[in-house]
Amino acid sequence: MKRSPILGAYAVAYLLFLYGPILILPLFAFNDSRIVAFPLSGFTTQWFGEMWADANLRKALGNSLIIALSTATISTALGIFAARSSVRYRWPGKAVVMGMIMVPLVLPEMIVAMALLVVLLTIGVPLSIFTIILGHVLICMPFAVAILTSAFQSLDKSLEEAALDLGETQISTFQLIVLPLVMPGILSAFLITFTISIDEFIIANFLGKGDPILSVYIFGQFRFPAKVPSMLALGTLLVLFSICMLAIAEYFRRRGIAKTGGKDSGGFL
Amino acid sequence: MAKTPSQEAKTGWLLISPPAIYAVLLLAAPLATVLIYSVMTGGRGVVGLPFTLQNFTDLVQKPVYLSVMQRSLLVSLLVTLTTVVLAYPIAYFVSFHVSPSKKALWLFLITIPFWTSYVIRVSLWRTILGYNGIVDSSLIGLGLTDEPVNILSNGITSMIITLAHAYAPFAVLPIFVSLEKVDRSLLEAGQDLGESRLMTFIRVTLPLSMPGVIAAVLIVFIPTVGDYVTPELIGGGKVPLIANMIETQMLKLQNRPVGSAIAVAAMLVVGIVSVVFVLLNRRFIGGSK
Amino acid sequence: MTSEKPTMIEMRDVHKYYGDYHALRGINGTIRAGEFFSLLGPSGCGKTTLLRTIAGFEDISGGMIMIDGKNMAGVPANVRPTNMVFQSYAIFPHLTVAQNVGFGLRRDPRPKAEKQREVDEALEMVGLKGYGNRAAHALSGGQRQRVALARALILKPKVLLLDEPLSALDKKMREQMQMELIKLQRQVGITFILVTHDQEEALVMSDRIAVMFEGGIAQLADPETLYRRPNSRQVADFIGTMNFMPAKIVAETGDLVEVDSQGFGHVTLQGSQCMGTPGSNGSSIGFRPETLTILFENQQAVDRESMATVEEVVYYGDMTYYDVRIDGMTSPVRISMRNVFGRPVLDIGNRARVAWSPGALVLFR
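Chains as they are written, first to last, in this note's numbering: chain A, 1 to 269; chain B, 270 to 558; chain C, 559 to 923.
Same shape as in the complex, but just chain A (with noise of 0.2 Å):
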């Protein structure tokens, strides 16, 4: 490998603009000050404290959490129908239905939201939760469908032909051999789902009732100077939590490539 000291330099100082905001989180979550400037003053834990004790965060946070599963559950199961039928099978108009359902990747959120919201609206369907939960599902769904199409790419064909030659039907032989070698991919869909539904803002913020949702609560707390502390704390925690749940799908992917003898081509984007 060449070294270029400058390229080096620049590398590193890229790095600490993209970590600067976050590593400030924990710094300023455990400092002894409600005001959020430096010098630190002392350590403390107070702001978790505060945090906990606020009754509408551990409602936006339940809210979340059943917003999340059911997104991610719901996205994960659409994205397994769409890998299959699109990796698996020839069908004419296959470039068009897939193209819709990924076009969210490449539409400005708001026009998605604001779309949906005026149907729904015009309709008379009552925002809800589960309003949230559709239009989540709608733009978690191209990464569900991005992550299992690999999976099932990765998946050699003649191994379904094998089963049924050795006198397995069709059905039995996704169970037994299909599911088992795609599940790494269908666990990283569902955790990254499940990430991109918690820290969703703009349809959480436009499609539901006013019910507190954990980001929704976030934009608003970060207004007031006098709880930015306790909202670094809880982002602290966030940030900790994506991270793991990070790990682990790229833990799963990855093991998933090993299992099936592939090559590794790359992350999750």
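Careful: at least some of the hints might be erroneous.
[As the list claims (entries may be wrong)] Far from chain A by the CB rule (all over 10 Å, computed), these chain B residues: (1) Leu-378; (2) Ile-379; (3) Arg-390; (4) Arg-395; (5) Ile-425; (6) Leu-467; (7) Val-473; (8) Thr-474; (9) Met-479; (10) Pro-492; (11) Val-498; (12) Val-508; (13) Glu-516; (14) Arg-525; (15) Ser-529.
[Claimed, not checked] Heads up, incomplete: computed chain C residues facing chain A, CB under 10 Å, no partners named: (16) Arg-610; (17) Asn-636; (18) Val-637; (19) Thr-640; (20) Phe-644; (21) Ala-706; (22) Ala-726.
[Said to hold, decoys possible] Simulated pairs of lysine to aspartate or glutamate, EDC-like, Cα-Cα distance not exceeding 16 Å: (23) Lys-94(A) with Glu-449(B); (24) Lys-59(A) with Glu-250(A); (25) Lys-157(A) with Asp-415(B); (26) Lys-209(A) with Asp-54(A).
FYI, nobody ran anything at the bench for these hints, they're computed from the structure.
We put the beta carbon where it would ideally sit given N, CA and C, even for glycine.
Add chains B and C to chain A, keeping to what the hints say.
For chains B and C alone, coordinates are given in the frame of chain A:
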């Protein structure tokens, strides 16, 4: 089990139908509705006939709309430029100067921040850039300035910093992928033919990585055009962008036709920019062969 | 050779279309019980498609396939009396070796211990005794192939289908597995159908070979007939090397054909040496490089003899390949000579006496 093509197509359709129906009902239908609303007449809380293009002519003629659209485009373009220019060297570094076994780790490091809460990241910049915030207190502490700089009071600058940070990983990955595809022996050939390292980069590497740069431009530009959170939190609602204007029209003023027209206009802008860049991409790919 | 054996597979006018693409164009032929049969041809000739229609992975668009006297129309792969060894081996990566081999016994109602014994026997048969608990993904290429064989044979199929099973192995391993497969086939007595693009492999292993081009069977015969009496220039070209010389049919009387050709002059050929339909114009004669001999100083030709000039010499150690121009010929022909002790290797430009025999010639018309 053996299948004739039509049997296979039937199975494929059967499997795709749940996600496809979901996307039709909850995405295609709403987008179509917005499209139709945008050419209807409306006022506060009502949508009606006749069909008209008035909403669109208003967008171009009335300064209220036009200034927001222009500002949005300006911010998006500046963010895209900043992000891509900052991302190129890091993508180049990871592709050319990091040993293959460590590349995955570097990419993982670069993508992690993207997966943490967007609202939290944006909010953090508020506390970092704000009056007597982290930047101000650091600068004063270091004796570089006496007065708080309060970058946050400059809405557009702080929005650009925030958005450039938020979308950084989006720009690195596509550039990295295209750099990885550059055949290393071409570079050696370039130097073998007497080019300097810099000239090899300009004449070989840079053109070959253009598809990645163009993908990066699109992938950053599209979401920033529709960003809602940053103008609200960083701009304090005082420098609204397209997304905020859509909200105002749709919800606060209850004028759905105008709101829809803005949404359609935003999609058109995204569409036109995408097409232009995809065409540019074709030219580069065509030119490099 | 094996004509007394009963029919195992009968194919009658089998067609297969993929959309507009005509992959199989009227396949006819029978495969006999207990024979080692090969489908040989270049890639894209339809040999794998034909194998997959026999296995039941592809429907046929027309015609009929019978296995052991039963029409296979509408019979899915999982109930056909065939089992397959896949090109990629298709070893289930999440199961152990024993679980892979015993996979097809899952629905077998016999007690577990009995099934376990059968798995052990199958592993022993393919030389993998004691490998049962290994993880499948940790096996080498050759071991994977043995597992695939054991897994297919444990169900005692009437026909074993092998889709280019040796193509992923290196040369040495491939030659070893060829021998093992032949022994295994004799031991179990099951009909083997092998798909291969390697003509040498097909010649070495098969009782009979179907040579396929462009969706049809060009010739179906035993290896010796295929090699010595190919029925078309295309088949002759695909199997081994053959020299071709333009020739003119002078007279056809009964079973005898009189031919005039460059260099060889006027020769009379038996009917069995003559391919194609009688009476057609434009013909050539063909002969294998080893049917010509460059004579020693005092050696006498058994049959005919011509003078020639050496134009190219390629030395291979055990063999030498010569391109020689026989007097009267407009282009050189290739001769392969074994380098037996005492025989000098000739140089370019040398004159040589070449022995040949009309019985080794084949006429294509």
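Consistency of the hints with the structure:
Look at Leu-378(B): its CB is around 7 Å from the nearest CB on chain A, not clear of 10 Å, so calling it non-interface is violated. For Ile-379(B), the shortest C-beta to C-beta distance to chain A comes to about 7 Å, within the 10 Å cut-off, and the non-interface label is violated. The Cβ of Arg-390(B) sits about 6 Å from the closest Cβ of chain A, inside the 10 Å cut-off, so the non-interface label is violated. For Arg-395(B), the non-interface assignment is contradicted: its Cβ lies about 7 Å from the closest Cβ of chain A, within the 10 Å cut-off.
Under the 10 Å C-beta cut-off, the non-interface status given to Ile-425(B) relative to chain A holds; the minimum distance is some 19 Å. Residue-level check passed: Leu-467(B) sits 13 Å from the nearest beta carbon of chain A, beyond 10 Å. In this structure Val-473(B) is separated from chain A by more than 10 Å, as the shortest Cβ-Cβ distance comes to about 16 Å. Once the 10 Å rule is applied to beta carbons, Thr-474(B) is consistent with being away from chain A; the minimum gap is 13 Å.
Separation of Met-479(B) from chain A is adequate, the least Cβ-Cβ distance of about 20 Å exceeding the 10 Å criterion. Its beta-carbon lying about 6 Å from the closest one in chain A, Pro-492(B) breaks the requirement of being farther than 10 Å from that chain. Consistency note on Val-498(B): stated as away from chain A, yet its beta-carbon is not over 10 Å from all of that chain's, at 6 Å minimum. For Val-508(B), the shortest C-beta to C-beta distance to chain A comes to about 16 Å, beyond the 10 Å cut-off, and the non-interface label holds.
Residue-level check failed: Glu-516(B) sits 8 Å from the nearest beta carbon of chain A, not beyond 10 Å. Chain A draws Arg-525(B) into its interface by the beta-carbon criterion, the shortest separation being 6 Å against a cut-off of 10 Å. Not every beta carbon of chain A lies more than 10 Å from that of Ser-529(B), the smallest distance being close to 7 Å; the non-interface claim is violated. At its closest, the beta carbon of Arg-610(C) sits 9 Å from a beta carbon of chain A; the interface hint therefore holds under the 10 Å criterion.
The interface hint given for Asn-636(C) is met, as the beta carbon of that residue sits about 5 Å from the closest beta carbon of chain A, less than 10 Å. For Val-637(C), the interface hint holds, the least distance from its beta-carbon to any beta-carbon of chain A being 8 Å, beneath 10 Å. Below 10 Å, beta-carbon pairs count as interface contacts, and Thr-640(C) has one with chain A at about 8 Å; its hint therefore holds. Residue-level restraint check for Phe-644(C) holds (minimum Cβ-Cβ distance to chain A is 4 Å; threshold 10 Å).
Residue-level restraint check for Ala-706(C) holds (minimum Cβ-Cβ distance to chain A is 8 Å; threshold 10 Å). Among the interface hints, the one on Ala-726(C) is violated; its C-beta lies about 13 Å from the nearest C-beta in chain A, farther than the 10 Å criterion. A threshold of 16 Å between alpha carbons decides the hint, and for Lys-94(A) with Glu-449(B) the separation of about 30 Å lies outside it, so the pair is violated. For the proposed pair Lys-59(A) and Glu-250(A), the alpha carbon gap of about 30 Å is over 16 Å, so the pair is violated.
A hinted pair counts as satisfied when its Cα atoms are at most 16 Å apart, and Lys-157(A) with Asp-415(B) does not qualify at roughly 69 Å. With a C-alpha separation of about 20 Å, the suggested pair Lys-209(A) and Asp-54(A) falls outside the 16 Å cut-off, and the hint is violated.
Hint check: violations occur at hints 1, 2, 3, 4, 10, 11, 13, 14, 15, 22, 23, 24, 25, 26; the rest are consistent with the structure.
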